[in-house]
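Got chain A sorted already, so can you dock chain B onto it with the hints?
For the record, the sequence lines run as chains A and B.
Note that the working numbering gives residue 146 to position 115 of the first sequence, counting from 1, and the numbers run on in steps of one.
Note that the working numbering gives residue 1532 to position 135 of the second sequence, counting from 1, and the numbers run on in steps of one.
I should point out that these hints are in silico values taken from the structure, not numbers from a laboratory.
Model, not experiment: these values are computed from the prediction.
With a straight-line Cα cutoff of 27 Å, these simulated DSS-like cross-link-like pairs (lysine-lysine) come out: (1) Lys-177/A with Lys-1454/B; (2) Lys-1505/B with Lys-1581/B; (3) Lys-177/A with Lys-1504/B; (4) Lys-1463/B with Lys-1616/B.
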Amino acid sequence: MAYELGVEYLKVWQPNGFPSPINIAKTLEILLVDHTLGIAVLTSITRLAIGYGISLVLGFLFALIMLRFKALQENLSPLLLGLQTLPNVCWVPLAVLWFGLRESTIIFVVVIGSTFAITLAVESGVKNVKSIYLRAAQTMGAKGLKTYQNVALPAALPEIINGMKQGWAFAWRGLISGEMLMQVKGLGEILIVGKEKADINQIIAIMVVIIVLGLMVNKLVFERVEANIRYRWGLD
Amino acid sequence: MSLILDGVGKRFITKHRVVHTLENVTLKINQGEFLCLLGPSGCGKSTLLNIAAGLEKPTTGKVYFKEKEITEAGPDRAVMFQEAALFPWLNVIDNVEFAMRMSGMPKKERKEKALQVLKMVHLTEFQDSFIHELSGGMRQRVALARALTMDADLLLMDEPFAALDSQTKNILQMELQQIWWDTKKTIIFVTHDVKEAVLLADRVIVMAANPGRIKKEIKIQLARPRCLESLDTAYVEAQIMRELKNEVEKVAKAEYDSDWDLEKDTILLGPDHYLGIGL
Chain A
32 MAYELGVEYL
42 KVWQPNGFPS
52 PINIAKTLEI
62 LLVDHTLGIA
72 VLTSITRLAI
82 GYGISLVLGF
92 LFALIMLRFK
102 ALQENLSPLL
112 LGLQTLPNVC
122 WVPLAVLWFG
132 LRESTIIFVV
142 VIGSTFAITL
152 AVESGVKNVK
162 SIYLRAAQTM
172 GAKGLKTYQN
182 VALPAALPEI
192 INGMKQGWAF
202 AWRGLISGEM
212 LMQVKGLGEI
222 LIVGKEKADI
232 NQIIAIMVVI
242 IVLGLMVNKL
252 VFERVEANIR
262 YRWGLD
Chain B
1398 MSLILDGVGK
1408 RFITKHRVVH
1418 TLENVTLKIN
1428 QGEFLCLLGP
1438 SGCGKSTLLN
1448 IAAGLEKPTT
1458 GKVYFKEKEI
1468 TEAGPDRAVM
1478 FQEAALFPWL
1488 NVIDNVEFAM
1498 RMSGMPKKER
1508 KEKALQVLKM
1518 VHLTEFQDSF
1528 IHELSGGMRQ
1538 RVALARALTM
1548 DADLLLMDEP
1558 FAALDSQTKN
1568 ILQMELQQIW
1578 WDTKKTIIFV
1588 THDVKEAVLL
1598 ADRVIVMAAN
1608 PGRIKKEIKI
1618 QLARPRCLES
1628 LDTAYVEAQI
1638 MRELKNEVEK
1648 VAKAEYDSDW
1658 DLEKDTILLG
1668 PDHYLGIGL
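Looking at chain A on its own, in the form it has when it is part of the complex (with noise of 0.2 Å):
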């Protein structure tokens, strides 16, 4: 309604710069049809999958890693927080230098894209921990990795669960750059595809699925997670 307001009567956009949502719905439909869309989701995916378990595998260990030492703690944190602020895009060309065009390109800009948040996220939230758990669990017998598994990463849980999400983000946004730079199979293809075309139609199809499937994973393990926690700590 907005759009045939905007678009038919008012002559405000242009069609062809602002796509009504009936041709988007179209052209998702040719690439539904076809399988390009499927096929590009499930690659696209499996790389998020693999490349943002990977973050979390090593984005977990070197939290632990700097939280046992401290002086690599004091020395890596401002490290962390400059690549933080690097966007991903950038690791894309020295990517391609390192691994050539391959499937291993991408997974690698997914992961050192995510991995860093999910490393300050966990640290952060361990040094928070009240020290009245700790002191506590120090009294009942745990010791070493036993407290870690038991007592500071629960109990940090909620502010992990912050950064594993925006890890999350991060990871879409390296694939998504990763695959458009490099022209393999994938969302980010068929997006720069649609550019090469001059087709605004599949760019907002492609843009449209993209933030579903943010939203789906959102929706569907994140937010569970979260409401778990939040009932769990009383904090509704």
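Same frame as chain A, but now just chain B:
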């Protein structure tokens, strides 16, 4: 002899000065004894308890538990804090099971024992609740249950009832008395409440501040179970009060302006005190 504190001292060095929280405290605690550390705030009684728990290290002196020197915190000495220190991410029964899980006890045994102690503190109905759903008194009972599961002979309690309202407090004091009677544990109980000390303790250690030290040791030889309303407890209480008064005043003096005096300030000034002063 359960716990021996031998010439224990503790200094905190801050930016501006050195604070002697404890100086040369020597104390022996017998097996199965209920000991109260009583003193004004700032006399180092909590610090002393933390040292016994192994959470803090003494600057001078040594602490022995069952002939072994204490170097770190461990499950052989259970601790209860002023705030319950329960874990909000676990429900009641998982909280109670925590110490047993740390020691690697099998799941079934763990659960059985957890239910058994929850029964002791009358909380079996709330085993699946989360911590935020409990009242302050219930939280402290869960904390007590958790401490009891550890089978530690020594139970260290740091003003566990101080944050509770007085009715809940009375109920919990009675329950603790009963549980101590049933389990025969050695308990060191820190408090600033004279009533509480007289009600619970076999022996009260009155502490003095600046530097923190033992001022007097009082054996309480009243029959058990004791109750708050009895005249005997009130009599002993008054006795200890006299002991403590100087100390409280001393600590208060350090915190008030120099012209403050307890005697003078307890006389209420009537509204007509200054009558006619402006004429």
